Every structure is written in structure tokens, then in C-alpha cells.
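The listed protein sequences correspond, in order, to chains V and U. Each residue of the first sequence is one higher than the one before, counting from 1 in this note's numbering. Each residue of the second sequence is one higher than the one before, counting from 1001 in this note's numbering.
Since the hints were made in silico from the structure, they are not lab data. Errors might be hidden in some of the hints.
Examples of chain V residues toward chain U, derived with CB under 7 Å [said to hold, decoys possible]:
1) Val-18
2) Val-19
3) Val-29
4) Val-32
5) Ile-53
6) Trp-54
7) Met-70
8) Ala-71
9) Asp-73
10) Glu-77
11) Ser-94
12) Val-102
13) Gly-118
14) Ser-121
15) Pro-122
BS3-like, lysine-lysine: derived pairs with alpha carbons at most 30 Å apart [stated by the list, open to error]:
16) V:Lys-3 - U:Lys-1278
17) U:Lys-1278 - V:Lys-7
18) V:Lys-164 - U:Lys-1399
19) U:Lys-1399 - V:Lys-78
20) U:Lys-1281 - V:Lys-3
21) U:Lys-1135 - U:Lys-1434
22) U:Lys-1135 - U:Lys-1216
23) U:Lys-1434 - U:Lys-1268
24) V:Lys-84 - U:Lys-1270
25) V:Lys-10 - U:Lys-1140
26) U:Lys-1278 - V:Lys-10
27) U:Lys-1135 - U:Lys-1224
28) V:Lys-10 - U:Lys-1204
29) U:Lys-1278 - V:Lys-156
30) V:Lys-156 - V:Lys-3
31) U:Lys-1135 - V:Lys-67
32) V:Lys-84 - V:Lys-10
33) U:Lys-1209 - V:Lys-78
34) U:Lys-1278 - U:Lys-1268
35) U:Lys-1216 - V:Lys-38
36) U:Lys-1270 - V:Lys-3
37) V:Lys-38 - V:Lys-156
38) V:Lys-156 - U:Lys-1281
39) U:Lys-1270 - V:Lys-78
40) V:Lys-84 - U:Lys-1278
On a predicted model such as this, the values are computed, not experimentally measured, just so you know. Beta carbons are placed, not taken as given, at the ideal position from N, Cα and C, and that holds for glycine.
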Amino acid sequence: MMKRIYKSIKRVLEWMLVVIFTMLVIDVVWQVMARYAKISSGFTEELSRFLLIWLAVLATAYSRSYKGQMAIDFFYEKFSQKGKYILSLFIEFSIMAFALSVMVIGGINLVYITLKLGQLSPSLGLPVGFVYSIVPVCGIIILFFSSYHVINYIRKQKEVISSKTVRP
Amino acid sequence: MSVATIAVITLFVILLVLLLLKVPVSYSVGIATTITLLISLPWLPAVTTIMQQMTTGIDSFALLAIPFFILAGDIMNSGGIANRLVNFSKSLVGSFPGGLLYVNIISAMLFGAVSGSAAASASAIGGILSKRMEKENYPKPFSASLNITSSTVGLIIPPSNILIVFALASAGTASVEALFLAGYLPGILLGVAFIIWAAIVAVKRIFPKEDSVPLKQLWEDFRKAILSILMIIVVVGGIVFGVFTATEGAVIAVVYALILSLVYREIKVKDLGAIIVKSSKTVAVVMFLISTSMALSWLFAYNEIPQMISSFMLSSFESPIFMLLAINITLLIVGTFMDMTPAVLIFTPIFLPIVTEIGMNPVHFGIVMVLNLCIGLCTPPVGTLLFIGSGVSGVEVSKVIKPLLPFLAVMVFVLLLVTFIPQISLFLPRLFGK
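Using the sequences and the hints given, assemble the complete structure.
Take a look at the structure:
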């Protein structure tokens, strides 16, 4: 069940990344062409900045599904199998603590504040809170991916600790 | 103890512990920043402020150049550009003694500039050349260490994402255009220095040479490679001469790479989804690092940490020469442990005010910093290129270290030249009035 949700969230994220990245390319190409054709297109730069935030945050959430963020494993390699197992759990819990406190709670508060202030973006007239709303959503996705990894670690605990080579 | 001192200690202790425990770098920076801010703010305002700094930190049109250059590089790579560049360099310099060594260096310079990624360069060029070099009895550890170090050259020769990151971190004191122009000569100087060292070894140990190729073949290989090389010229030229901004130049690179690969039928339209997902994976690493590091540099400013460190350093080093040496040594140590992007984002706000105080041009400092951090990419314990380069050549990391040392010495030598002769970096930007 969890694996199915994991796979479908991953697929939805991939799909969104492709759409947003493509929109970004089209948006900025349009900006260049519009300038040479002397058509005014005030919205393109603002739109591209918002899309960049969405792209970055969604890509970050996606990267949790395959543990894709860069890390230093020099000292990690020196730990015993049991140490590696415990460390892997520690890493996921640190990430979850960050995702929950900063991305979900901090993010919701930020969305709430900007919506309450009624802050609108200058040229698109979009509520800025709407742009930020992707952050708590992605925080929740990261929480899900990390719990998925934690469950897998625990499930394979015996196998990992007794073996010499299996990575947690 | 002042709040700033407590903040510095808390920050660096937590950051170091998390990094060593293999918590991803971006999350480590984010967590350490949040905990440090808790010293001076209650937790809800603290997490909200961090979140706000993380989003405003990447809310920038200039930064958009980075995802575009990554995408352009990935499109080029799947189109087999590495092969074309290697073939061209082989026809050009293969017939000298130790020919494949220069082929490796020149391909890495071209490929690194086009793809913007040293890691991609080390694996693509190394992947193509290492089998060939092994067959012709080049010692594996030597050719691996050559491939590892020469793949850094593409980080200095524009277009270069790390220079865009520096422009961002310098808070507008160094423009992308000036940095791009400034990168050429130091980059070429580094490449030439590698070639000289490779030539000395090749002559001493009598390395084989390739058959010289007829002019017709050279022309053929040139024709195939030139369209890819032309991309750098069009894009960088356009940016430098103010035809378009760096971000627009980057999107033009995407369109150019796309048309080129589709016309050559090297990729199909249906492959594009997979390429974009691949680029997104790189974007995730770079952008999230930038995001949390921007929150960190905000925290620095909030606690007035740069002022504290700079007044300490300005009072301990009287002479600018010692100051620059001290900064370079600090960065060398940082570089061995930390990847380039976070190192640039974290240490630019600290060191830039100091060096401008002693009269250094921010553009010059950017080149020095990037060149310095390139060295750390090739050294243990955390040398991305060292591991990739050893991996593609199929040689153990421990065996690469010894032949690597002279190459690192070459890099340090070039670093000293670039540090103390500002004209190497500033000649071109001044010539073009940037």
C-alpha cells in the first residue's frame, strides 16, 4: 500500500517537474522574443521567478524519494553495520524534524501571514501566499518519503546488521 | 560572551556534527541555521523567518540561469557531444608524444565549458578515453589523476554556474558578465599548466603518440564539433556584449542544444521528459543548497558575524599578502570537506568584505575563490571528482593519490599566480569595460 502511494507521488512529481521546467523555458524564450519584437510582456520575469521557486521546492521534495541530496559519507563508512543502521535512522529523523518545523509549520505560517496581509504580486496580481503554498505541501511529501525510508530500514534491520555489505 | 560569539560556536558545532554524520549538506545547513536562530527568537517566528529567507533567497531571475545551463548541458550530453569533442581534440593534438593526455585536457576544457559540470566532464571524457589509454599502456593512476584535475577547468571557463552563484553571494558587487569574462584567462592558464606538466612526464616516460590524421579528417572532426563549441561563443558572447542577460543566454543555450540534437537526430522528442527529470535531480541539489545557504548567510548578517570575523582578521594580519594567504589556506581546508556551492555561499559574505577592505576587486576574488575550491574537489576526504574519476578509470582511489600530487601542486601554483597577479583575471573585464 505504502509502496503504491510512494510510486504514484513520485510519478506525479516527475510529471509536474517536466511541466514546470517546460513552462519556464517557454516563458523566458517568450521574454527574449517579445523584447526583440518590442511587445511589452511585463509578466514573464515575475512568472519565471515564481516557477523557479516551485521547480526548486518540488525538485527538493522529489529528491527525498531517492535520497538524492549530496552528503559526506567519509566518516559514515567507518561505522559498524549497527552504527550505520542507527545513523541512517538519525539522518531521516533529522530531515523529518526540519521538514515538519520549517517547511510545514513555518511554511503554513508564512502562507497565512502573506495571505492575511493580502500581499499581491506586482504584475500578475497573484497572492504571494499562493506561491509559497507549495512549500508546506512539499514538506508533507518529504515527511512521507522519509517515513517510507524509515519503515524500510526497520523492516530490513536484521538483514542489515547481520550482513557485512548490505547498505541500510 | 556576546550573542554573536555564542551563535558562531553553536552554528559551526551543529553544522560540523551533522555533516560528519552524513546528514545531507543542504539539510545540515538548514537545521544548524534554525537551531542557531532559536537563541535569539521564539520558535514560531524563527521557523517562519528561516522559511521566508529560504524562499526569498531563490526568488531571483538571475539564479534561473543555473537550471537552464544544467538542462542545456544534459541535452548536449545525451546528444553524444563528448564523443565529438574528443574526436576533434584527437585530430588536433593526438599526434604529439603522450597525445591522449592533451586530448583529455582539451576535451575537458571544451566539454566542461559546454556542459558546465565538472562531474559530467570527468565521467564522460574519462569514460571515453580511459579504455583507450589503458590499451596503449598509459599508467592508469596517472591518466586518472590527469582526467580528475583537468575536469575542473570547465568550472572556471564560462559559462559557469558556480560563477553565477558567486555573483549572487557577492550581493551585486560582482556581475555575472564580468565574472564570465574574468574566467577565461585563468581557466586557459590552468589548462596550459596541465598540458606542460603532462608533456614533461610524457617525454620523460616516453608515452605513445597517435597517428597523425590527414587534414581532411581534421576538417571533418572540426565540422562535427564546431556547432557545439559555437554554443559557448554565441551564449557567452551574447551575455558579455549585453545582447541578453545571463538567464536569457542560458535559455538560448537550451534552445540551441535542443535544435542541434534534434537536427542531428541524436535525441528524440520523447526522450525529453527523461532528460528534464534528470536535470531536475541536479536542480534539486543545487537549488536546495542555495536556498538553505541563503538562510544561513541571512543569519550571518543578522548576528553581525561577518563584521566580527573581518575585524578579527584585519587586526591579526597586517600585510595584505598574509591576509590573502590566510584566506586561501582557509578555503583550501574548507574545500577538502565541502562542495563548492555551499562553500561559496557560506564564505563569500565572510571573506568578501575583508578582501575589498584591502583593495581587492570582487570579480578577482570570485575567480580566486572558485579556483581554490576546485582543488578540494580533487582531494580526499570529500572529493567528488576524485571518486568519479577513479571510478570511470577503474583504479583504486588510494593509488591515484601519488600521481595526483604533482597535478595539485600545479593547481596551487596557478592559484598563487591568479591570486597575486590580478591582471590575469581582470584584463578581459577591463578590456570590455565591465
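What hints, given by number in increasing order, does this structure fail?
2, 6, 10, 13, 14, 15, 21, 23, 24, 25, 28, 31, 33, 35, 37, 39
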